[in-house]
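Asks: What follows is the residue order along each chain.
Number of protein chains: 4
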Amino acid sequence: MPINPDYLQLAPRVRSFVEQHILPRELELGACNTAAATLAASLQDQAKAAGVFGNFYPYADGRRPLTLRQYLPIAAEEGRSEFAPAILGGDASLDAYMLSRHANAELRERYLLPLLRGERVPCYAMSEPDSIGSIPATMTSHAQWQGDHWTLNARKWFICRAGRADFATVIARTADGPLQQSLSMLLVATDSPGFEWVRPLALLGRQQGQGELLFKDVRVEPEHVLGEAGQGIALMQQRLGLGRLLRAAHWLGLAQRCFDDLCKRVHSPRGELARLADKQLVRARVYRVFRDIAAARGLLEDAADKFDRGQANAIEVNLAKLAASETLSAAVDSAVQIMGAEGLSDLSPLSGIYRCARTTHILDGTDDALISNLGRDLLSATAPGRTFDYRSPSLSLDKVAP
Amino acid sequence: MPINPDYLQLAPRVRSFVEQHILPRELELGACNTAAATLAASLQDQAKAAGVFGNFYPYADGRRPLTLRQYLPIAAEEGRSEFAPAILGGDASLDAYMLSRHANAELRERYLLPLLRGERVPCYAMSEPDSIGSIPATMTSHAQWQGDHWTLNARKWFICRAGRADFATVIARTADGPLQQSLSMLLVATDSPGFEWVRPLALLGRQQGQGELLFKDVRVEPEHVLGEAGQGIALMQQRLGLGRLLRAAHWLGLAQRCFDDLCKRVHSPRGELARLADKQLVRARVYRVFRDIAAARGLLEDAADKFDRGQANAIEVNLAKLAASETLSAAVDSAVQIMGAEGLSDLSPLSGIYRCARTTHILDGTDDALISNLGRDLLSATAPGRTFDYRSPSLSLDKVAP
Amino acid sequence: MPINPDYLQLAPRVRSFVEQHILPRELELGACNTAAATLAASLQDQAKAAGVFGNFYPYADGRRPLTLRQYLPIAAEEGRSEFAPAILGGDASLDAYMLSRHANAELRERYLLPLLRGERVPCYAMSEPDSIGSIPATMTSHAQWQGDHWTLNARKWFICRAGRADFATVIARTADGPLQQSLSMLLVATDSPGFEWVRPLALLGRQQGQGELLFKDVRVEPEHVLGEAGQGIALMQQRLGLGRLLRAAHWLGLAQRCFDDLCKRVHSPRGELARLADKQLVRARVYRVFRDIAAARGLLEDAADKFDRGQANAIEVNLAKLAASETLSAAVDSAVQIMGAEGLSDLSPLSGIYRCARTTHILDGTDDALISNLGRDLLSATAPGRTFDYRSPSLSLDKVAP
Amino acid sequence: MPINPDYLQLAPRVRSFVEQHILPRELELGACNTAAATLAASLQDQAKAAGVFGNFYPYADGRRPLTLRQYLPIAAEEGRSEFAPAILGGDASLDAYMLSRHANAELRERYLLPLLRGERVPCYAMSEPDSIGSIPATMTSHAQWQGDHWTLNARKWFICRAGRADFATVIARTADGPLQQSLSMLLVATDSPGFEWVRPLALLGRQQGQGELLFKDVRVEPEHVLGEAGQGIALMQQRLGLGRLLRAAHWLGLAQRCFDDLCKRVHSPRGELARLADKQLVRARVYRVFRDIAAARGLLEDAADKFDRGQANAIEVNLAKLAASETLSAAVDSAVQIMGAEGLSDLSPLSGIYRCARTTHILDGTDDALISNLGRDLLSATAPGRTFDYRSPSLSLDKVAP
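These protein sequence lines map, in sequence, to chains A, B, C and D.
Taking our numbering, the leading residue of the first sequence gets 791, the next gets one more, and so forth.
Taking our numbering, the leading residue of the second sequence gets 791, the next gets one more, and so forth.
Taking our numbering, the leading residue of the third sequence gets 791, the next gets one more, and so forth.
Taking our numbering, the leading residue of the fourth sequence gets 791, the next gets one more, and so forth.
Derived by calculation from the structure, the hints in this document are not laboratory data.
Be a bit skeptical, because a hint or two may be false.
One copy or two, it doesn't matter: identical chains are merged, so the pair holds either way.
Taking lysine to any residue and the SDA-like style, the derived pairs with C-alpha atoms no more than 20 Å apart in a straight line are [stated by the list, open to error]:
{"#": "1", "residue 1": "Lys1006", "residue 2": "Pro904"}
{"#": "2", "residue 1": "Lys1069", "residue 2": "Ala992"}
{"#": "3", "residue 1": "Lys1054", "residue 2": "Pro1174"}
{"#": "4", "residue 1": "Lys1006", "residue 2": "Ala1159"}
{"#": "5", "residue 1": "Lys1069", "residue 2": "Asp1167"}
{"#": "6", "residue 1": "Lys1069", "residue 2": "Thr1156"}
Isolated chain A (complex conformation) (with noise of 0.2 Å):
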């Protein structure tokens, strides 16, 4: 389903555009300083002036312009540099899709138009302190129905973009019972009374917009719920499917980065005074990095494909995030041994992107619980009376609406 027949023009213009605007200025855009913020609004308008801004985007009436497939090779474009997402809207697409299925008109309008014009940025409120993140009946935020309007109480932490958002989509308990129909989506303005930005969480040293937030006596409109109160839990699922593999995506294009940058390495100057090119322990790590990327970019694809059909992709999405996480991991700590110490210094883009690397182990759910969940479902997929297909295990599965 070709929708957008320009999108094989697209890639490379948007590897242009990052490999001239955004990968001269990574030291200043890690900074996180005002100065990063500035440079970055900047680029973010010549992006816009340059047509590679919002490049999977839906419209406002919620078509997609691009498959998921198509936008795959461009997202690993925006993944070359670790603040191309941000800058190009990568960031935001996943809020925008969202949005576009889910919210109403006032929602629409107050929140996804400005969103699609690159006017607010929003974030994503899940994770707790006192919460054990794999397990969602741990979570103690809540919102109490005060007749015509919700009263949220939530303490979140480890936020993505907390620091600069415009609005988060909260995950709170709308109600007792099972938790199927008790949790909710509640979007809350960021200038909403009781809303507190608690403390910034560096992560690995660096700080870059995460952290602490605190909902005290937030009031929120019936009318700010994402789809249905009690729908929390199934669009968690949608949001979080999607969004490991926009994840993916661009951890791919950062693992061919330190491929690219490895391989420099080895043809520069220093390089051949090293005779790195006929060493076999170099020629392995270029063997493994380069392999580790093919073989993740088809699980990828597999799981894009699948999103694309609206078939139910959950063991796809999990194998490709988790082997997009293993070869971004792999692929830079193999860039930042043929570096050297200066591969670990201020002087590289690999020390930040060697500490990115270590986050996606985590985030949106650590290894060890996908690995687990994997194996019950690969286990579940091949029961007894059940017809496995190796290409399409899923398929067996309850599909989601496209």
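Given chain A, put chains B, C and D in place with the hints provided.
Replies: Chains B, C and D only, in chain A's frame:
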């Protein structure tokens, strides 16, 4: 290029045949005795009757009924039993391919046509006791031109199917000078005077027809040269490229079989008694085996697509071969581990598959050699001034004719 | 506690005997036929004459001539050949140890003394076709008390040496109630009425005496119970603890043999022709194999030290068993890989060692079960309120008598 | 050779000091600001008062108070905090060792004695921006003999402690000709004219004193040469040998800390809520971390024993360095994974330890270089005609004087 529109039906038919006729008789087929040979021959007749024989054989005029990409899912079904490729003709399709492209009229008549009818068993005589497999220059086999024919002297070992072959494709030096122009492929009938079956060479205790051959002053007519004399290296590479892919495709089928057997055990009464499905270490095995298969399949499909388009695919082929080999080894290892001692005994097909899997790391190029070559080729493809495309790293290398 | 000051001389003497008398005849010894049995018996006589037999046998009064720590380097020499432990008595020392500690006067006279003279072959009958190895509660073998004797009914499989054993130590339920008090170890001569050798069970195609046994209404005198009736679980743990260590010690010797063979190949004319010593991937294999051996030896020594001091050493034993098993598997795999197809053929002892190595991951506890237990035990040892000492994690667990 | 019978008491005393005084203040110590430096200095004074400072410092006459083997458990306690070795003098003991062996009277007076009192901070200036670390021949630093003194010109980078060092040991070429006789170790006070602190070089975003140094026409008196001019390579190897061991000993302590923190988390209320102790994937992590530590400790002890006996131990040292580095990386990675995002944040010391762990694969020799060298050395030790002893592979190499 879907030459054969019926191929979608072929895979399930092959699967049925393998499941109904071959899997139940694997213990007998693995016995390496006369009864096994008789049984295999009888099953081959049944396969011909059922229309599941010679699935990747070219037509006599060289056209292929299926693209390689179309054949992959069929090969995966053939590969579910170690014994099926020999019975269904999968083992001979590489020779059929080489003969259909490079044999002259006489060779076609004498070897290709009977081969396509399943009446001849071919073997490929390359490895030598005193040479290094990865260094063709160390080969000592040679054929001397006698004015009107060649006199071949060669000792070859670890030749698959040597014990039951009707003819051999022999690599020998036919001229002095640079290797690129001095090796040739000679066809020798195994009833030629001077041909000698020296001894069987079991692999991990299994004797399945492979062994050592001696060619002592064997007369080879000039028409028995494949292609042209001196083209040996080029033909070897061509053969190796397709050969590795075909093997990888079969190995992946065998890995899928192991996955199925592993899951079946988990769901069995014994597995339920031990509560295997609840154990995370079991789930992790299920996950890893499935992931490996899914990833390797993607790599294999990439390589096959390029083969079908006549593009250079050395990088993709070697990635796929290594991945299929690793996948099979890990899959059978996990399946054995879940089965326990039973999985190592004659009561289980895994005992044979485990040993088969070990040979894949040596056959058609050792892991280390392939890894080193892949690293070198990737570095060459990314050298300064070259444009590297992740989707098709080898596009920038020289193309081979389709 | 150096009971035997001569032990330093013993290791080199064992090494010489193995190198001169056993290694050159491994192909014959591996043939699994009568000639092999005759040869093994004759070599055992030579070993007795040379004073290298029964190196870890206790004296008849139960004292040990060597500490386990002192025996380790001797066991490593015995282990260099798969066949040496059986010939030199290493295979029987575990039974000798159990009998010397737990047998009454009659059993000592009837079984221990002839065993110490090398005149009896013992076997240990625990695994059952329908039970889960790691869940003793699933065992179905049982012995019914008849007022003055037991009537044993049991089916046991994958019993090592079953085919040539003179007596078996059989685990069976002798009472109802909690398992800790209801299993017993019964000694049964293999010429007892009702004892039946059901069938051999080859492992990876090798038939070396292991198989399936049936005990049908076998009469067992009350004096034929080891220790006391009901002590089965405690005795099994004792046996398993020392048994795993003895096996690990022999496996490490076999791994050292593989390391030596690998290096020998690198230094051989073939290895020089292929310039193996210059290849980093070869060097990396040499490094890893050596590192694994050195690391596993350290773990084994820790476990042996605790055994000699009579301290609980379950954690150390299981670490050592897993490490020795992994080490052997990786060592033989690398040695095979460097040898190429030859290493998998009957021309090389590696073919047998490779298959032996695979069984070590199942024998005496599967990897997954040991890993899960180790994790549990380590978490238990580090629980709040307990003092954890890295050098001796198990010191805080209950001690067993020396 | 237990010179100091009290060393058994020292380890627990160091442990107490680290636990009570250093661990609670790690966040402050890691801040890389003036307050951190002041705090460290004050803690150092406390350590001196508590008798836990300079634990491996030689006496002024060069005798060692402890063998290296005796120091290992003490170093493991020092290593529990990243910051403890600097505070307790562990970071400076290598310089103290080199000076006590190779410094002349003047250097002893000027540098060694104040160093032993903890009044001087040393640094070691070897790496250069334009040379390959593993190829000393590519070094460009040089000192020109001026008749009565040397004139040193050098650029060095990634020099630990450079920012707060009082003197530097600089490697420079002092003669033409073969490298073995042309490098020297020069001592330079950091207040010498021509010494310049170019810039700090953060590692993974942490700035802890390492940076780039310039030596521009620095005058070096002939007495400021360590050992003799031209002995540089020999002294570097000596320094590197002990240096790697000392670092490995500290890293192992840090890995033990991670193990403890991991277990603590499992036993915490959050861990119990998530039922971590029952999860096999958690248990497998606990097992692997403990096994790695236990194995690495054995390798380290072997290397230290040889050091104490004055035997060549290059193989053992490099094995131990690689093992400690891998162990630390895997330990902190698992601890982080169990902690989740919290483990990556400033709320946890793991955030710093994770970054520290990454540097260990590059510091003092990259993994690949060490692995390749180890493979080469092991092959050399097993060459035909040499007797290889598993317990002491390097015994057959040339001995160095104690």
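Asks: The structure should be examined with respect to each hint, and the outcome stated for every one.
Replies: Going down the list of hints, with the structure as the test:
| no. | hint | verdict |
| --- | --- | --- |
| 1 | Lys1006 to Pro904 | neither (26 Å within a copy, 58 Å between copies) |
| 2 | Lys1069 to Ala992 | neither (38 Å within a copy, 29 Å between copies) |
| 3 | Lys1054 to Pro1174 | between (51 Å within a copy, 8 Å between copies) |
| 4 | Lys1006 to Ala1159 | neither (31 Å within a copy, 48 Å between copies) |
| 5 | Lys1069 to Asp1167 | between (42 Å within a copy, 13 Å between copies) |
| 6 | Lys1069 to Thr1156 | between (35 Å within a copy, 14 Å between copies) |
Hints 1, 2, 4, counting from the list given before, are not met by this structure.
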